[in-house]
Amino acid sequence: MLEITELVHSYGSHRVLDGVSLSVAEGELVSVVGPSGCGKSTLLRSIAGLIRPSGGQILLGGRPVDQIPDNLAIVFQDYSRSLFPWMTAANNVALPLRRRGLDRRRRREAAMAALDQVGLADAGGKYPWEMSGGMQQRVSIARALAYRPSLLLMDEPFGSVDAQTREDLEDLVLRVCAHHGMTILLITHDIDESVYVGDRVIVLTRSPARVSADLKVDLGASRDQIATRQLDEFVRLRAEVGRLVRGGSTTATTVLEQH
Amino acid sequence: MTHVATHSVRSVIRALGRLWLVPVTLVVWEIATRSAAQPFFPPPSAILARMHEIWFSGPASHLLLTDKALDDFGPSLARLFGGWLAAAALGVLIGTAIGCSSRLADYLDPLIELGRAVPPPLLVPFFLALLKLGTPAQLATIVFGVIWPILLNTIDGTRGVDRQHLETARIFGFSTAQRLRQVILPAAMPKIFAGLRLALSLALILLVIAEIFGGTGGIGYQLLYAQRSYLYPDMWGCLVMLGLLGYLLNSAFLLLERRVLAWHRGARQTN
Ligand SMILES: Nc1ncnc2c1ncn2[C@@H]1O[C@H](COP(=O)(O)OP(=O)(O)OP(=O)(O)O)[C@@H](O)[C@H]1O
Ligand SMILES: [Mg+2]
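Residue numbers (full-length UniProt numbering), protein chains in the order written: chain L, 1 to 259; chain D, 1 to 271.
Derived by calculation from the structure, the hints in this document are not laboratory data.
For clarity, every value in this text was computed on a predicted model and none was experimentally measured.
Misleading hints may appear alongside valid ones.
[To be verified] Derived lysine to any residue pairs resembling SDA-like cross-links, with alpha carbons at most 20 Å apart:
#, chain 1, residue 1, chain 2, residue 2
1, D, Lys68, D, Leu231
2, L, Lys126, D, Pro44
3, D, Lys68, D, Ser229
4, L, Lys126, D, Gln269
5, L, Lys216, L, Glu233
6, L, Lys126, D, Glu53
7, L, Lys126, D, Lys68
8, D, Lys68, D, Ala86
9, L, Lys126, D, Ser229
10, L, Lys126, D, Gly58
11, L, Lys126, D, His165
12, L, Lys126, D, Thr270
13, L, Lys126, D, Leu231
14, D, Lys132, D, Ala117
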């Protein structure tokens, strides 16, 4: 469904993406990990058609991305600047649904259901600035989920929530991906998370970014926060991704920025 | 219960504490003008008595307003609001167009710089020559004089929309109308309101100037007439009335702003 070949991007003379190639099949959940500042957000923004990459090709459903694709949603890394502060949480979630041809009542219902899914059933009437960072982040996830895009791009979507909520949200994303056949590309700093949610894990090198590994995650379709994380395969993959992110044994000093 | 009571008592005391200067000023003013005994400086009691007599001694069914009050204030207020609202509509419309299109901005920026540099009072003779004496020329003066803060603030506000808000609108495929109504205009609203408020106080000034120079009625004309006829309490009454009007307009506008921009105050307090 998504086919990226030799993607190159520079901001001025500063090269950020240095020939990134990857592909994502329909219905797949692919996690992308990489050191801080390596160009993950740039990659996502190129796929979303928000920036025009300097070189390479992005095919979405066989067609090159030259503008914003129709059926795509994104959870921005900087979620606090993505929600509209002049609207309540429910309206923020409901607004994009106009395009789906739903009437007012149905939009409202869908918005409330999505907020409920992310554990914010009671916060529909709140304004973004009345909510904590983690709550805002969940509203922005709810907005993307309610929209039911065929491709969902998430840029470190669980960075500001507590551990318990984070696990719930990971499971929610897994469920949504399975139920609605959504294709998801999820960027994360968290190596455990990348393995836990991913059908595949793509590891990027330090800036300028290239794909240093593309690992298949053989943990089955249904996952469990406790049991899955104890599997030998999980432990092995986690160690391998960890090594790769640190750039192998040669650059063991690279430290991952943790939120 | 007692807590609430002491709280409200305290807030009343605080309000009184802020207001004490008003009666003190009035008393000093009264004493000073009485001892000076100059016809040009009537004491405030005489001014208030005169205001009551000519404007506020009407029937209760008219809120105590006399026919003369309706004659004097009615047309003035209609011009004031008419001019201000027309300027608001034009300013926001043109400003949004310019703010959203850099091509349009390139064309119109020089014209705007030129237009706003003209001191508004100078417009009165110009419009008097161009248009009919009375309301058309007065309205034109107000509209042309007060549109600038609205226009410039709208341009500024619509240009300053957070990039990520615009990207969000693009990603979710908002229509042009949706983008304008749900994203660009709300984001620009704080700036637009600041422009509108400035324009409102400017409109009052221009109203009086326009009525003094090219008027046949209205509060500015009454002011001029009273001054020329040596009716000093009447003239002072007009001045006091204008002061009150300006104060009331500003307070009413602030109330409206507080309602419309509640989100903005909240967002600013938490950031
Ligand atoms: N608009 C821009 N103009 C210039 N340089 C930019 C711009 N956006 C990002 N960069 C630079 O490009 C590099 C990659 O940025 P990017 O945001 O894609 O990294 P990232 O992997 O998402 O980082 P993080 O993990 O911190 O989110 C950084 O060095 C950054 O400074
Ligand atoms: Mg990033």
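Here is how each hint holds up against the structure:
no. : hint                : result
1   : D/Lys68 / D/Leu231  : holds (16 Å)
2   : L/Lys126 / D/Pro44  : violated (51 Å)
3   : D/Lys68 / D/Ser229  : holds (17 Å)
4   : L/Lys126 / D/Gln269 : holds (15 Å)
5   : L/Lys216 / L/Glu233 : holds (11 Å)
6   : L/Lys126 / D/Glu53  : violated (53 Å)
7   : L/Lys126 / D/Lys68  : violated (51 Å)
8   : D/Lys68 / D/Ala86   : violated (27 Å)
9   : L/Lys126 / D/Ser229 : violated (61 Å)
10  : L/Lys126 / D/Gly58  : violated (49 Å)
11  : L/Lys126 / D/His165 : holds (19 Å)
12  : L/Lys126 / D/Thr270 : holds (14 Å)
13  : L/Lys126 / D/Leu231 : violated (59 Å)
14  : D/Lys132 / D/Ala117 : violated (25 Å)
When held up to the earlier numbered hints, the structure conflicts with 2, 6, 7, 8, 9, 10, 13 and 14 and fits the remainder.
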